[in-house]
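Peer 1: So the chains spell out like this:
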Amino acid sequence: AQSVAQPEDQVNVAEGNPLTVKCTYSVSGNPYLFWYVQYPNRGLQFLLKYITGDNLVKGSYGFEAEFNKSQTSFHLKKPSALVSDSALYFCAVRDFSGTASKLTFGTGTRLQVTL
Amino acid sequence: NAGVTQTPKFQVLKTGQSMTLQCAQDMNHEYMSWYRQDPGMGLRLIHYSVGAGITDQGEVPNGYNVSRSTTEDFPLRLLSAAPSQTSVYFCASSYSKQGIYEQYFGPGTRLTVT
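Chains A and B are the protein sequences, given in the same order.
Mind the numbering: the first sequence is residues 1 to 115 in the working numbering, read in order.
Mind the numbering: the second sequence is residues 1 to 114 in the working numbering, read in order.
Treat the hints as calculated values from the structure; they're not laboratory data.
Since we're looking at a predicted model, the values are computed, not measured.
Accuracy of the hints is not assured; some may be wrong.
Partner residues aside, some chain A positions facing chain B, computed with beta carbon under 7 angstroms [to be verified]: (1) P40; (2) G43; (3) L44; (4) F46; (5) G62; (6) K102; (7) F105; (8) T107.
If you want the ones that stay clear, here's a sample from chain A, every Cβ over 10 angstroms from chain B, calculated [what the hints assert, rightly or not]: (9) D9; (10) G53; (11) K58; (12) S73; (13) S84; (14) L103; (15) T104.
Every residue gets a Cβ at the ideal spot worked out from N, C-alpha and C, and that includes glycine.
Only chain A is shown next, with the shape it has when bound in the complex (with noise of 0.2 angstroms):
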């Protein structure tokens, strides 16, 4: 079965900084990656997703995720923290099994940006 893995339950970074909130997957086949947000009290948005082509995947609020397939990972990337960023990420990966199409998701990542 797929299946992604996001190690660090927190991530803490001051506003300015680059952040990197890191992700693996194990997939048999091509990997189709996943990022989300969800702020407090509300639901998933998408920020960006990667299925073929270049290896850096620019998203929403200027997220990128880096796919490195030597490594199987899919880190989501950001030049300049924002506090607004504050958010719990979540990876996830396309799992074809079964009748359709499912999302794996990670157990998401905590992003703490202070001041």
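Keeping the supplied structure of chain A fixed, place chain B upon it in accordance with the hints.
Peer 2: Below, chain B alone, put in the same frame as chain A:
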């Protein structure tokens, strides 16, 4: 478009009671799904549907039923609530059942079972 809507926002049930969580989308999406979110466990798929009349089980289907009589609606029924079903429930929809496109999530229903 309203997107994905869920009702109620909050619910408290006693053990053994039944209820239905409502989910609707107005984007004409084929694919709809229900997840539960628990601390430290991320989101886990309960049931999903690739179109009206078609449903399938996800990772944690026990204790839940679904049906999909229309494209727009995908209700989740708890048959006999248990404290282990205390969670936040999210409904999501997607244009493509192939999972190539992103999923759109509703605001969630926070359920407490006492």
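Peer 1: None of the hints should be skipped; say for each whether it holds.
Peer 2: To see whether the hints hold, each was checked on the structure:
1. Taking 7 angstroms as the C-beta cut-off, the interface hint given for A/P40 is violated, the closest approach to chain B being about 11 angstroms.
2. At about 3 angstroms, the closest approach between the beta carbon of A/G43 and any beta carbon in chain B falls short of 7 angstroms, and the interface hint on this residue holds.
3. Checking A/L44 against chain B: minimum C-beta separation of about 4 angstroms stays under 7 angstroms; hint holds.
4. Hint on A/F46 holds. Least Cβ distance to chain B is approximately 4 angstroms, under the 7 angstroms limit.
5. The restraint placing A/G62 at the interface with chain B is violated, with a minimum CB-CB distance near 18 angstroms, outside the 7 angstroms limit.
6. Interface restraint check for A/K102: the shortest CB-CB distance to chain B comes to about 6 angstroms, inside 7 angstroms, so the restraint holds.
7. Against a cut-off of 7 angstroms between C-beta atoms, the interface hint on A/F105 holds, since the closest Cβ of chain B lies about 4 angstroms away.
8. Hint status for A/T107: holds, given a least beta-carbon distance of 4 angstroms to chain B, under 7 angstroms.
9. Residue-level check failed: A/D9 sits 8 angstroms from the nearest beta carbon of chain B, not beyond 10 angstroms.
10. Non-interface call for A/G53 relative to chain B: holds, since the shortest CB-CB distance, roughly 13 angstroms, exceeds 10 angstroms.
11. Non-interface call for A/K58 relative to chain B: holds, since the shortest CB-CB distance, roughly 14 angstroms, exceeds 10 angstroms.
12. Look at A/S73: its CB is around 18 angstroms from the nearest CB on chain B, clear of 10 angstroms, so calling it non-interface holds up.
13. The claim that A/S84 lies off the interface holds: its Cβ sits roughly 19 angstroms from the closest Cβ of chain B, which is beyond the 10 angstroms cut-off.
14. Non-interface status of A/L103 relative to chain B is broken: a Cβ of that chain comes within 10 angstroms, the nearest being about 6 angstroms off.
15. Here A/T104 does not stay apart from chain B, with its beta-carbon only about 8 angstroms from theirs, under the 10 angstroms limit.
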